[in-house]
Every structure is written in structure tokens, then in C-alpha cells.
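J.: Chain by chain, the residues run as shown.
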Amino acid sequence: MGIRSLCHNYYTYGEAPSCAQWKTDYGNCRKWEKSKSEHAKESLRKSERARILEKQKHAPVWEMRRSPPMDWYLPLDDDKPK
Amino acid sequence: MGGHPPGSPTVAEEEEEDYGYNLFSERRREGKQKRGFMSQSLYTVHFKCRNMLRCTLADTIYFNDWRIASGGGCGNYNEIHSTVLRIICNGIFLVNVCNNIHHPSIMNRVVTHELIHAFDHCRAHVDWFRNIKHLACSEIRAANLSGDCSFINEVRRFKFGFKQHRQACIRDGAIRSILAVRKVDRETAEKAVDEVFNSCFNDHEPYGRVPHNSKEAKYAYRDFQNRDRYYANL
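Protein chains in written order, with the numbering used here: chain A, 2 to 83; chain B, 411 to 644.
Chain B on its own, in the form it takes in the complex (with noise of 0.2 Å):
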């Protein structure tokens, strides 16, 4: 521990203030590891998480989320299916994923995450890289519409709140989701989370109203598959 300067934090207090940041590969100070064979084989978590991966994009429900976000315009589904792995590495999360999943409706939920992130940006100018309020935007609609933050799920880490308690875990996941891609500090995550809250919140879509379940996402692809004919009765 000696050599720190005094006030700055400590080895401790580093390692529990960084939001993954440095788990992607290219930010890794060291050197790359070659893979041995052994990683590659049949048995390991990877092989198992493709083959998760592959099982949720075959699932109907996901299949009609993208038809409902290539209504944003990106493509068809058979164009998109050979390219999906790519468009969730798109600056977004797949290092972590395959070491972290473990369970078909975990890959699911973040799957649809990461649908959410590319919907935004075939529909709209959203700057990455440059602004963290857009950055903040599609975290908040991401958190809200994919089921990260249904009441079960927040059970199952262990925090119990009832009463708009949703709106605090949103808030909570897209900060985190926030530090761990970008490298700014907590305050400036919280306040742009805080100043474009109210806006992304309420913007629920390709969903007509948030769906917390199967069906109710069912209801939704419904309601695109008729919005022409929605359209032209209003």
C-alpha cells in the first residue's frame, strides 16, 4: 500500500469502484493471452453460451422484437441473423456476457438490452462515443423496457423496495451500465441520467406500453403488425 499519496483511494477502494471498465480486452494493459485449445472445446462456458445465444434468436418472441426494431429500419431478420453477435459487440457488452450467463432467460433479458441499443441507433443520430446524454438516453430505455428491472429481478439481487422502486433501479442500472463502458466519473454519469430521465423514461418505443412478460411483448408485435392500419383509421 505504501506509495499512494495521501486522499487518493486505495487498492481496496479501486477495485470496488470499477464498473468493469477494464474487462474489455482492448483496455487491458497486458499483453494478450494466446487461447489454448482447451478453451475452445466443446465443454466450456463459451460453447454453451453461443449455443444459448443461438436458442434465443430462434425464440419467436425475440424474433418478433427485432422485426418490431427493424422497423427502425435495420434490415430484415435473415439479413440480421449472421450479423447479431456483431451488432451487440457495438461498442456494447459481449465480453462480459459469456462469462456471466448462465441461464437461457438471463440471455434473453440481455439480449433484448442490447436489441433496445441497436433500435436507437437505426432510428436515431444517437453520438456514442461523444455525448453522454445520449449514451445515458438508451441506458434508461434499455433498463426499462428489456425486464432488468422487474420486480422479481430485484428480488433476486436482494433489493426490496416496492413503491416506484423501479424508477431507482433504472436509474441504478443505467449508471452502472454508464461507468462501465465509459471512463467518467460517478457524478457526471448520475447527472446525465438525472437530466434526461423524464424524457427516456417515457419513451417506451418499439413498445406501444412497457411489456412485462411474453404476452404482453406478443400484444405489442401485434399492434406493429397493424399500425398502418391503425394509422390510417386516427
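If we strip away everything but chain A, and leave its shape as in the complex, we get (with noise of 0.2 Å):
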């Protein structure tokens, strides 16, 4: 597994992938499960909430639906105003 994370890493990155993190988390997990500590579960909690933030801080180039289109299963059509 880990020759392969690093392959597609460097593939994709130019670089090493860094797996502190997840070792960190993976060990926060493993005492979680076996003695329910509250410390683990706060920096597992930490550690996923830092992983969002991370992914959200590019702005995104289109704005969100609230709902999915009406007519989503029909063609596109260019000529329909928006």
C-alpha cells in the first residue's frame, strides 16, 4: 500500500505524500475504540474538521443550488434563458 500512495502521489504532486496526520489520527482512533477517551475523540474530531477547512479554501467558480433542476433528465438547450 505504502509504495503505491507514493507513486500516485508523486504522480499527481511531484512529491512524497505526508501521512503524519493520518498516522496521528489512525492511533487517536485505535484508543478511542479501546478506552472511549475523550482526548482522542476531540483531536479526531480536530483533525477532521481541519481536513474540510482545507478542501473549502479555494472559492468555488459556480454558485450552489439550493435544489436540483426541475427539468434535470431533459437535453440542454442553449437557447433557454437561465
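For the record, the hints were derived by calculation from the structure and aren't laboratory data.
One or more of the hints may lead you astray.
To be verified - Facing chain B, according to a computed beta carbon distance under 8 Å, are these residues of chain A, among others:
#1 G15
#2 C20
#3 E64
#4 M65
As the list claims (entries may be wrong) - Derived DSS-like pairs (lysine-lysine); straight-line CA-CA distance at most 25 Å:
#5 K56(A) x K543(B)
#6 K24(A) x K35(A)
#7 K58(A) x K625(B)
#8 K601(B) x K56(A)
#9 K573(B) x K56(A)
#10 K47(A) x K32(A)
#11 K47(A) x K35(A)
We put the CB at the ideal spot given by N, CA and C, even for glycine.
Hey, can you piece these two chains together into the complex? The hints should help.
T.: Right under this line is the structure:
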């Protein structure tokens, strides 16, 4: 598994992946499973929230919808007004 | 060759630059040809292609992909099954697909690519026809998430880069796709792709991380199924 992840990351980003955070999270997860430690739980939550925020740091190109389009199943029509 | 004004591309160069824009039948200048009986018969590429598409849609992985994509909200799997061909046709490329797809794995990749476009259409206000940056963004995501730019596929196309080559592949693939569906020049397409690249390359929805094989796609589906519990725990 390790070598494959190294290859994919190098192919995509040009550098080796940093797995330290994943390792810490795994340790916390096991600790939570064994002893239900609050500290482990909080660390895990903090790490996951940071990961989600990291993903959101680029502004989206388009405006998100609140609900899907009613005519999603119809062919797109370039003359239709938006 | 006579009759071309000086400085304009020769016929050979024009052909080289045609990324398939004119292959859409509505855009062809010549009249529609009548399809004879033989072209509809059992043993043609068209029939084989439709069968491959049915197999892809029946395959669990793509069922999962669609279930994830319908987290974007567009209906359930049963409703979609009969209209999926039309979804794929939504401005997008079935026309050339059946001429060139000879293997089910290629069909799988193409269907995933189109499902990413459908997912974007369902979750955001994508202006497919008037805003080239929206189109570029969707193409970048589709090239990234569908496996078009995996190392093996690039090697099959005789492109042997390794370090950070995936990004170059995605960039080129997105530019080619834009040129195939919009009549714009290469510089405009390149500029649009460069402007949105950072934002769209890192947007891995509906997957958490880019899936490199079907096992990782299964993990992504499992994450999707568990999403309520995940967000409740956070």
C-alpha cells in the first residue's frame, strides 16, 4: 500500500505524501475504540474539521444550487434563458 | 490549395486543429444521410456499444457512482436508468462515443466522465453555454475523477511523463474537451483552464479523495452512506 500511495502522490503532486496526520488519527481512533478517551475523540474531530476546511480554501467557480433543477432529465438547451 | 488567402492555415493544418467540433451531426453542413437497414442491424458497432453501455450501468460500481451523484439531488436510480443516455447527450458527447469505444473498460471511463458532468449540473448553477470557465471547471474535474488521466492510460497514449504529469494530462484533456464542444480558439480555452485549475483540481466531490481504482470508489460510496453519521459526530 505504501509504495502505491507514494507513486500516486508523486504522479499527481510531484512529491512524497505526508502521512503523519493520518498516522496520528489512526492512533487516536484505536485509542477511542479501546478506552473511549475524550481526548482522542476531540483530537480526531479537530483533525477532520481541519481537513474539511483545507478542502474548502479555494473559492468555488460556480454558485451552488439549493435544490436540483426541475428539468434535470431534459437535454440541455443553449437557447433557454438561465 | 489555390484560393486560400495568404497567412490562412492550409487544409492539412485545419484538419489537424479540428478537435471533433464538426462531428456533431447538427453542426455538419451536409444534409442528413438516410440510415439504411444494415446500419441498424445486430452486428454493428452501434448495437455493441449500446450493450456495453447497458453492462456499465448494471455494474455495481457505476450504480454506486450514480447513487453518490444523486446525492447531488437528481432523482433515484430507477428514474435515471431509462434517461441516462439522454443525460449523457446533454451537450456532451455520445455522438463520437460509439464510433470509438471498443472495450467495456473504456465505456466505464466515459460514463464516469459524463456522470461527473451530470453531477455538476445537478449541484451547481453551471452555465454550460455562456461561461467557458464553468465548462473548463467541469472538464478538469471529469478528467481528474474519471480515471482518464491515470498513469496506465497515459502510457497507452504514449505519453511517458511521471513527476506531476497527472496535472499536465488533466490540463491537456480539459483543453481538448473544450475545443471539441465549443468553437473557441486554443488560447481562450487555455486561459480558462489555467484560471480555474487550482480551484477545480482540488474539488473532489462526490468523492472524498480521488479514487484510483474500483476498491477506492467502493470506499467513497461507503463514506457517502455514512455521511449523516460522520457529520453528526463532527
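J.: Now, for every hint given, state plainly whether the structure supports it.
T.: Checked hints:
This hint holds: G15(A) has a C-beta 4 Å from the nearest C-beta of chain B, less than the 8 Å allowed. Look at C20(A): its Cβ only gets to about 13 Å from chain B, farther than 8 Å, so that hint breaks. With its C-beta approaching chain B no nearer than about 5 Å, E64(A) sits inside the 8 Å limit, and its interface hint holds. At a threshold of 8 Å, the smallest CB-CB gap from M65(A) to chain B is about 5 Å, leaving the interface hint in force.
Between K56(A) and K543(B) the CA atoms are separated by roughly 20 Å; this keeps the pair inside 25 Å, and the hint holds. This hinted pair checks out: K24(A) and K35(A) have alpha carbons roughly 17 Å apart, not beyond 25 Å. Straight-line distance between C-alpha atoms of K58(A) and K625(B) comes to about 28 Å, which puts the hinted pair past the 25 Å bound. Only pairs whose Cα atoms come within 25 Å are accepted, and K601(B) paired with K56(A) is accepted, the gap being roughly 24 Å.
For the given pair, K573(B) sits about 23 Å from K56(A) by alpha-carbon distance, which is consistent with the 25 Å threshold. With a C-alpha separation of about 16 Å, the suggested pairing of K47(A) with K32(A) holds against the 25 Å cut-off. With a CA separation close to 20 Å, the supplied pair K47(A) and K35(A) stays within the 25 Å bound.
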